[in-house]
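In order, the protein sequences belong to chains R and A. For the first sequence, UniProt numbering begins at 1 and goes up steadily by one. For the second sequence, UniProt numbering begins at 1 and goes up steadily by one.
The set of hints was computed from the structure by calculation and includes no laboratory data. Incorrect hints may appear among the rest.
Derived DSBU-like pairs: lysine-lysine, alpha-carbon spacing no greater than 35 Å straight-line [stated by the list, open to error]:
no., chain 1, residue 1, chain 2, residue 2
1, A, K34, A, K95
2, A, K37, A, K2
3, A, K34, R, K74
4, A, K2, R, K13
5, A, K34, R, K21
6, A, K34, R, K2
7, A, K2, A, K27
8, R, K13, A, K24
9, R, K74, A, K2
10, R, K13, R, K2
11, A, K84, A, K37
12, R, K74, A, K27
For clarity, every value in this text was computed on a predicted model and none was experimentally measured.
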Amino acid sequence: MKLSEIIDLTNAKVVAGDAEKDRELLRAFSSDLMSDVLTLDTEHILLITGLTNLQIVRTAEMADIEVVLLARNKTATPEMIELANETGLVLLETPFSIYRASGLLFQNGLDPVY
Amino acid sequence: MKLEFDIASGDFSKAGRASSRIKKMLKQLQVDPKVIKRIVVAIYEAEVNVVAHSVGGKMLAEIDGTGITVIVQDNGPGIEDIEKAMQEGYSTASKAVRNMGFGAGMGLPNINRNTDEFTIESELGVGTVLTFRNNF
């Protein structure tokens with residue numbers, strides 16, 4: 001699924017990174033547990049989370065995750081935005097819950113990691 | 001090539017600095033991205049462990065022609081039961097650490113899974129030493 005479609009479907013706002021609209025994401029994973037995110041072997045996925053702290057950005061960096069969608073109307077902290085811009089992570093914010101955002105993306109063809 | 005980092009206890013804002021530096025360096029050395037991901041995930045987990053569980057410590061990383069060796073050493077309190085700590089799901093993490101998205105009892109097993117060689121030694125009241133290596 002194209003990044004532009006993810007942004008449209010979830011009513012998302014881009015708050016950091018270069019949201020190059022043609023970027024293609026193949027799978028997504030929803031989790032508030034970074035320990036679980038770090039066990040994934042799949043790269044270039046979309047991470048949907050309701051957590052907003054610096055470790056989300058660090059976890060994404062180490063796990064080769066290029067796009068993170070912050071759900072439940074959470075806003076990224078200035079430190080998160082700064083680090084995301086530095087590491088090249090695209091940070092998005094959606095007013096939808098994790099369930100709603102995940103459901104919409106799944107329904108429209110974005111596959112799960114497992 | 002040798003790198004050394006101090007890791008402060010409880011300072012989550014800095015957790016990930018060592019792994020980030022090492023990741024950049026390995027990228028510059030044009031190491032296979034799959035190999036980079038495995039080692040930096042292991043290093044990051046180890047860093048978070050020192051921040052979350054110990055009174056502080058340090059990390060030494062040595063990159064040679066064939067791979068990278070990492071030693072993570074903290075100054076206590078040490079792990080009471082290493083066998084339990086190595087089980088997935090076992091954790092002694094505080095609520096604050098869990099609120100950060102960690103402390104699910106996946107750290108040490110995940111380090112073991114992502115490395116080619118891994119040893120852990122710990123003594124109560126003294127500290128814990130992890131040594132791991134990945135070949136390029």
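Against the structure, the hints come out as follows:
Straight-line distance between C-alpha atoms of A/K34 and A/K95 comes to about 33 Å, which keeps the hinted pair within the 35 Å bound. For the suggested pair A/K37 and A/K2, the alpha carbons sit about 19 Å apart, so the restraint of at most 35 Å is met. The hinted pair formed by A/K34 and R/K74 meets the criterion: a straight-line CA distance of about 32 Å does not exceed 35 Å. A C-alpha spacing of about 42 Å is found between A/K2 and R/K13, which places the hinted pair above 35 Å, so the restraint is violated.
With a C-alpha separation of about 26 Å, the suggested pairing of A/K34 with R/K21 holds against the 35 Å cut-off. Using a Cα cut-off of 35 Å, the hinted pair A/K34 and R/K2 holds, with the two alpha carbons roughly 24 Å apart. Restraint check: the Cα-Cα separation between A/K2 and A/K27 comes to about 16 Å, which is no more than 35 Å; the hinted pair holds. Note on R/K13 and A/K24: the hinted pairing holds, with a Cα-Cα distance of about 29 Å set against a maximum of 35 Å.
At roughly 40 Å between alpha-carbon atoms, R/K74 and A/K2 are farther apart than 35 Å, so this suggested pair is violated. Straight-line distance between C-alpha atoms of R/K13 and R/K2 comes to about 15 Å, which keeps the hinted pair within the 35 Å bound. With a C-alpha separation of about 26 Å, the suggested pair A/K84 and A/K37 falls inside the 35 Å cut-off, and the hint holds. Taking the CA atoms of R/K74 and A/K27, the gap is about 33 Å. The hint holds against a cut of 35 Å.
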